[in-house]
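2 protein chains.
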Amino acid sequence: MTAQIIDGKAVAAAVRNDVKEEVTKLRAQGFVPGLATVLVGARPDSVSYVTSKRQACAELGIESYHNELPENISQDELLALINKLSADSKVHGILVQLPLPKHINEELILGAVDINKDVDGFHPINVGKLGMKGREPLFAPCTPAGVIELLDRIGAKISGSRAVVLGRSNIVGLPASLLLLGRDATVTICHSRTKDIAAVCREADIIVAAIGKPKFVTAEMVKPGAYVIDVGVNGIPVLNPDGTPAISEKTGKPKQKLVGDVDFDAVKEVAAAITPVPGGVGPMTIAMLMKNTLRGAKHAFGLL
Amino acid sequence: MTAQIIDGKAVAAAVRNDVKEEVTKLRAQGFVPGLATVLVGARPDSVSYVTSKRQACAELGIESYHNELPENISQDELLALINKLSADSKVHGILVQLPLPKHINEELILGAVDINKDVDGFHPINVGKLGMKGREPLFAPCTPAGVIELLDRIGAKISGSRAVVLGRSNIVGLPASLLLLGRDATVTICHSRTKDIAAVCREADIIVAAIGKPKFVTAEMVKPGAYVIDVGVNGIPVLNPDGTPAISEKTGKPKQKLVGDVDFDAVKEVAAAITPVPGGVGPMTIAMLMKNTLRGAKHAFGLL
Numbered sequence: 001m002t003a004q005i006i007d008g009k010a011v012a013a014a015v016r017n018d019v020k021e022e023v024t025k026l027r028a029q030g031f032v033p034g035l036a037t038v039l040v041g042a043r044p045d046s047v048s049y050v051t052s053k054r055q056a057c058a059e060l061g062i063e064s065y066h067n068e069l070p071e072n073i074s075q076d077e078l079l080a081l082i083n084k085l086s087a088d089s090k091v092h093g094i095l096v097q098l099p100l101p102k103h104i105n106e107e108l109i110l111g112a113v114d115i116n117k118d119v120d121g122f123h124p125i126n127v128g129k130l131g132m133k134g135r136e137p138l139f140a141p142c143t144p145a146g147v148i149e150l151l152d153r154i155g156a157k158i159s160g161s162r163a164v165v166l167g168r169s170n171i172v173g174l175p176a177s178l179l180l181l182g183r184d185a186t187v188t189i190c191h192s193r194t195k196d197i198a199a200v201c202r203e204a205d206i207i208v209a210a211i212g213k214p215k216f217v218t219a220e221m222v223k224p225g226a227y228v229i230d231v232g233v234n235g236i237p238v239l240n241p242d243g244t245p246a247i248s249e250k251t252g253k254p255k256q257k258l259v260g261d262v263d264f265d266a267v268k269e270v271a272a273a274i275t276p277v278p279g280g281v282g283p284m285t286i287a288m289l290m291k292n293t294l295r296g297a298k299h300a301f302g303l304l
Numbered sequence: 001m002t003a004q005i006i007d008g009k010a011v012a013a014a015v016r017n018d019v020k021e022e023v024t025k026l027r028a029q030g031f032v033p034g035l036a037t038v039l040v041g042a043r044p045d046s047v048s049y050v051t052s053k054r055q056a057c058a059e060l061g062i063e064s065y066h067n068e069l070p071e072n073i074s075q076d077e078l079l080a081l082i083n084k085l086s087a088d089s090k091v092h093g094i095l096v097q098l099p100l101p102k103h104i105n106e107e108l109i110l111g112a113v114d115i116n117k118d119v120d121g122f123h124p125i126n127v128g129k130l131g132m133k134g135r136e137p138l139f140a141p142c143t144p145a146g147v148i149e150l151l152d153r154i155g156a157k158i159s160g161s162r163a164v165v166l167g168r169s170n171i172v173g174l175p176a177s178l179l180l181l182g183r184d185a186t187v188t189i190c191h192s193r194t195k196d197i198a199a200v201c202r203e204a205d206i207i208v209a210a211i212g213k214p215k216f217v218t219a220e221m222v223k224p225g226a227y228v229i230d231v232g233v234n235g236i237p238v239l240n241p242d243g244t245p246a247i248s249e250k251t252g253k254p255k256q257k258l259v260g261d262v263d264f265d266a267v268k269e270v271a272a273a274i275t276p277v278p279g280g281v282g283p284m285t286i287a288m289l290m291k292n293t294l295r296g297a298k299h300a301f302g303l304l
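If you read the protein sequences in the order shown, they are chains A and B.
For reference, each letter of the first sequence is one residue, going 1 to 304 in our numbering.
For reference, each letter of the second sequence is one residue, going 1 to 304 in our numbering.
Note that these hints are calculated values from the structure, not bench results.
As the structure is a prediction and not an experimental result, all values here were calculated from the model.
Check the hints yourself; a few may be wrong.
Unchecked claim - Only part of the chain A face toward chain B is listed, based on derived beta-carbon distances under 10 Å:
hint	residue
1	69
2	70
3	71
4	104
5	114
6	131
7	135
8	175
9	184
10	191
11	193
12	195
13	203
14	234
Just so you know, even glycine gets a beta-carbon here, dropped at the ideal spot from N, CA and C.
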């Protein structure tokens, strides 16, 4: 059996379309959702991420308020900006692009974001509420929320399933585990200290791989019929037919390609459904950020 | 093999003794740790818990400031008291005895406790930090912290072990899972929707049972050599030799006895170590509350 290939681009487009429709209605009533983006320094990857997020805002009718700060900005100055944005009624979401420069205390900065504008869902209070019974954070972190959205859209039954999450990062592994738990899965969280991770994975109806190791999850680790969601994004060298690294004619550097944490070609012969890399979870992150920003705006407008 | 019976009373006494020694030293330097207790209404169990906590304070040299409020106190009045205690520099821990009356929003009240005085560790920000990498809450919830303390004192190896937590309550199951994860266990969280919970338990090197079902964990569910920590406290009827319920001569009511979530007599023949009920985890809760109060005081005094 070959697995269903989950088309993250299509699901993300559908989510973005839903957001766009709601934003259009809000704007017709005079409500304008707004996202503040904060970029410190000029890391090429960070610049690229922020640009994509702002483009998404523009497409969906969300105002974006961009704040570009020099690499050497002081912590106090950055904090003052976050406080200003937290108080700004036009702003319904604050996105601080990570990582921040080393001289800035990330915990302090993220902790200063108004929890009602914490569209990344990284504030500890939102993480705590994610796990607690009877508490509901306003925002779930974007990538894990995208994982759940993908599972829902393909009709995966989460309640009562055994879910194994590989990785316990603040950004993916931990919140994905808490979201799955909140949806009544029996969740096992694996990490670098886990013994016989293959045996643990084989018990899973749902595997969420966010461990940052190329092709780590092999076909032997997957129960036939499992759902496999690959959050990994790893660059590996492209090889020539003779096994030597391929060199880009344009840059003169070794060519790279992106692969996930899952051995896609092999696992797709075992799983019921699987996300590709790229084009699986990746596109969901920005889509869920837009959804969170809309949610923040509706909350601010008293429409939630 | 018969399991080591973990003497929670002895461990709790040792923890209390450590706290007492530190408090004595602090007082000699003019620093007086203080715990505010807040009791709303007069539920007999709540009265009894608060009394025990205040007695422990008295024994260890911690000042306790008791606040007894009528059942019908308004939410605003209670909130005002919490705010007052949060601002009071003599108070280093605030204990709001749960449950609160139904007309009061528990989330709102607990959320108002200064996180630097949240000795119960129930504030979502402390729960979030418990799970997050690189974050450290000032306080871990008392009962789960007691579970870890017991495992540590008997020399159980937590890192790399497979831990199964039965139950996902805010007070025990969830924070116990996060603490075990933080100690590098591979953690599985089970609950009422878990399928084949027996098979899941059999994988565990450490079982933490906090599911509220008398004698739920049977010998067949326990891997030989596992550590079994029983957080359950369930009242069951005492039976006469002929199987009829025994009646108390004093009260005329059916006699009850306390049992845990684990079938102690059977499981002790399989496990490496096991906590009894009563006398296992129970005494740890107040001991850890005292430890947390000391910690809050040291933090306030700048001694942490």
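Hints violated by the structure (listed by number, smallest first): 1, 2, 3, 4, 5 and 14
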